[in-house]
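Peer 1: Could you build all of it, start to finish, from the sequences and the hints given here?
Residue numbers (this note's numbering), protein chains in the order written: chain U, 1 to 427; chain H, 1001 to 1427.
Calculated directly from the structure, the hints in this document are not laboratory data. Remember, it's a predicted structure, so these values are computed and weren't measured experimentally. Cβ coordinates follow ideal geometry from the N, Cα and C atoms, glycine included. Hints may contain errors.
Non-contacting residues of chain U with respect to chain H, defined by C-beta distances greater than 12 Å in every case (computed) [claimed, not checked]:
(1) L55
(2) T83
(3) L131
(4) P135
(5) L286
(6) D342
(7) E397
(8) S427
Rough simulated footprint, nothing fancy, chain U against chain H, three-plus residues with beta-carbon under 8 Å [claimed, not checked]:
(9) 1048–1061
(10) 1108–1122
(11) 1311–1324
(12) 1329–1338
(13) 1404–1411
Number of protein chains: 2
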Amino acid sequence: MSDETEKTGKTGEAPSRRAFLKGAALAGGAAMVPASVRAEPDPLITEVQPWAQFLGEGVDARPYGTPSPHEAHVRRRHVEWLTADPISSVNFTPLHELDGIITPNGLCFERHHAGIAEIDPGDYRLMINGLVDNPLVFTLQDLMRFPRENHVYFLECAANSGMEWRGAQLNGCQFTHGMVHNVMYTGVPLRLLLQEAGVQTSGAWVLPEGADASAMTRSVPLEKALDDCLVAFKMNGEMLRPEQGYPVRLVVPGWEGNMWVKWLRRIEIGDQPWHHREETSKYTDLFSDGRARRFTWEMDAKSVITNPSPQAPITHGPGPTVVTGLAWSGRGTIPRVDVSLDGGMNWVQARMSGPSLDKSLHRFYHEFDWDGRPLLLQSRAHDSTGYVQPTKDQLREVRGVNSIYHNNGIQTWAVDETGVTENVEVS
Amino acid sequence: MSDETEKTGKTGEAPSRRAFLKGAALAGGAAMVPASVRAEPDPLITEVQPWAQFLGEGVDARPYGTPSPHEAHVRRRHVEWLTADPISSVNFTPLHELDGIITPNGLCFERHHAGIAEIDPGDYRLMINGLVDNPLVFTLQDLMRFPRENHVYFLECAANSGMEWRGAQLNGCQFTHGMVHNVMYTGVPLRLLLQEAGVQTSGAWVLPEGADASAMTRSVPLEKALDDCLVAFKMNGEMLRPEQGYPVRLVVPGWEGNMWVKWLRRIEIGDQPWHHREETSKYTDLFSDGRARRFTWEMDAKSVITNPSPQAPITHGPGPTVVTGLAWSGRGTIPRVDVSLDGGMNWVQARMSGPSLDKSLHRFYHEFDWDGRPLLLQSRAHDSTGYVQPTKDQLREVRGVNSIYHNNGIQTWAVDETGVTENVEVS
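Peer 2: Pasting the structure below:
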């Protein structure tokens, strides 16, 4: 159901809000009745409040704005026991505090292997070498003289939800699913730079390399490099943030995050993959029989309910309730998401709202009249190839429980009578 | 021309980049040759740099990220002589530093009439009263129990470019055109709240009122309120910034910015417009004969070249050069933008890149091989209704030069042989 059909009232599924509020008024005590149906005057609206009596800060106060102090709880979080050191670690996007599909730059999760490289943009260089006719070195200004494109893409770490392989672990979608963000990138198609260098006929793979102390490298097939990869310098309009690769990163749409090399310093062209550290000992999927799946680049279709969720329980009691979440696929768009309130026994089609863009997050909603009984919330994404997000048990049947990466199983949140929400497993 | 056609090489218009660089190499001295064609090894790429030798900051350093210190010049700016006090004033979005179509929240221009109201979200209330069956008071949580939508919309102050009526004034697109921003809003359709209150049959207008000390009010026709207005609480995913109306503002897509009432506290339903201060003494368009045009709500199609521009001159010398800018219309989308290099004598169709969304900024590009001769850069937007952006002189013929508002005339930048760029008038 699109916003358009909703606008014209032909929703079919969205219950009348007036019915909701009347239902809520009947359902319980004062605490459970939305204030919108209160009969008494509210002093917060009838009495003149301080903010209406005094002048506030002017336009010279904040040349670069920051969130309200009341939103200080909206932040990236890391899990101390997860890694030996915060230098080679991860923090997580607070998905439960966000809405829409754009992640603000300050809240995009971070994953570093050697901390944040601090590079003066005047000292930035990008080299293209290997099997090319003309090895090239570009300054940042050189890159900005090539034609640019703008695309919104999700970036998901291959290890997102990785700790859930052996059962429900972390209590909050920030921790189970927060290694994903979605921004608009501006950059030069890698294809144009490779054309400039002149890839030799034996060239079949490219090796992007990071300028930080970890010198991150991954083997990328030339076909992907020529298709939709971007050498990007802006995110959501402004220059990349330091932790996202300032001043230049590679964008590899739909593919696992560690291939999106940050602080990009070099792109080598070769005739076969390099089998470097980050594509052998890491970022391969260990099966039960000891064999490992390699080169699992594409991120499968996935979804998660962001509200309610363990960090964002239902606090308003029974009555009208909004369920919302995110869905994405490395293979295209998300035409449909289903929501279950009973652990997967019954499903209803969610309402999508916001632009449906290729390899981008999609936002879904399901509004319902909660009767106060416990819920087992699930969401299930369908992508534009027809693929349907599997259950965790279906994944485990094929891949066992030794893997860290590419867990796109259906997530379950249990909501109790008081609204408290927890990460659980159902089978 | 779409990105798709560009990708397959069928661009028709984008010159070969290799031809560009060869041309540049022939055109001038070393300073004008892009570094990408340098033959000698560059020590910045061949020698190990400090950022590759030492570990950087970890994931615990910045729970809410900020731009690189090297980007400190990218900021909102106000003009001290423009207003008596920064409390009732404006600052401007640095359009010349941005790309794509999303404005980061920290750089969205500000316009306040009594400074930034500081409201604790727990104390927030929205009242709907007047010609309704059920006067209602909503808390923030109440609002979040209604169905939400997500839309990217531009917000432009009616006074944007207002100082240009009498000729070229301010040297920089930040100052001439920087009272516009473009973010993704999440909010409840106003229609749903009005349905809840039950608008009486005599109701024809709504009066949104701000909670700040200026108590901003504007008359909005009920038809618009029921069409696409949003009661919004999020921008680019996170809660509204304080200066943008935290926690709740009205979104009035395509209409002038001061109707998008911030810190929204009340919506009254009436049977005729109120003719309040901000729609009589201000935000009306004074004609030469002393009459004033009122209720000029819709923002006409407009465009501006953001690079090069006076604050962002050409510093790389002749050769491959990227011209880019923004276009928008309060009446729909922008299917086409034309660019002129010679003050409007000849026009070429620009390349659009990025999502084309209703009542949203659109990004255009024109790449060309600059021969080093002076340029008179212009852009001209065509919107989806067929309307074509007029020249400033065409506007003055109809409206005179007494107006402040709704100047959507074609902007001209003069680029000299050294790349220095200035705001000029051509006729």
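Peer 1: Compare the structure with each hint and give your call.
Peer 2: Against the structure, the hints come out as follows:
1. Some Cβ of chain H comes within 12 Å of the Cβ of L55 of chain U; the nearest lies about 4 Å off, and the non-interface call is violated.
2. Consistency note on T83 of chain U: stated as away from chain H, yet its beta-carbon is not over 12 Å from all of that chain's, at 9 Å minimum.
3. Every beta carbon of chain H lies more than 12 Å from that of L131 of chain U, the smallest distance being close to 18 Å; the non-interface claim holds.
4. Interface exclusion of P135 of chain U from chain H breaks down, the closest Cβ pair being 10 Å apart, not more than 12 Å.
5. Listed as a non-interface residue, L286 of chain U keeps its Cβ farther than 12 Å from every Cβ of chain H; the least gap is roughly 25 Å.
6. A cut-off of 12 Å between C-beta atoms confirms that D342 of chain U is not in contact with chain H; the least separation is 21 Å.
7. Every CB of chain H lies more than 12 Å from the CB of E397 of chain U, the least distance being 34 Å, so the non-interface label holds.
8. Listed as outside the interface, S427 of chain U is consistent with that label: its C-beta sits roughly 32 Å from the nearest C-beta of chain H, beyond the 12 Å cut-off.
9. Counting residues of the region 1048–1061 of chain H whose CB lies closer than 8 Å to any CB of chain U gives 12, so the stated coverage by that chain holds, three being the minimum.
10. For the region 1108–1122 of chain H, the stated coverage by chain U is satisfied: 12 residues place a CB nearer than 8 Å to a CB of that chain, which reaches the threshold of 3.
11. For the region 1311–1324 of chain H, the proposed coverage by chain U is satisfied: 7 residues have a C-beta within less than 8 Å of a C-beta in that chain, meeting the threshold of three.
12. Look at the region 1329–1338 of chain H against chain U: 0 of its residues bring a Cβ nearer than 8 Å to a Cβ of that chain, fewer than three, so the hint is violated.
13. Residues of the region 1404–1411 of chain H with a Cβ under 8 Å from some Cβ of chain U number 0, which does not satisfy the need for three, so the listed coverage is violated.
The structure does not agree with the numbered hints 1, 2, 4, 12 and 13 stated previously, though it agrees with the rest.
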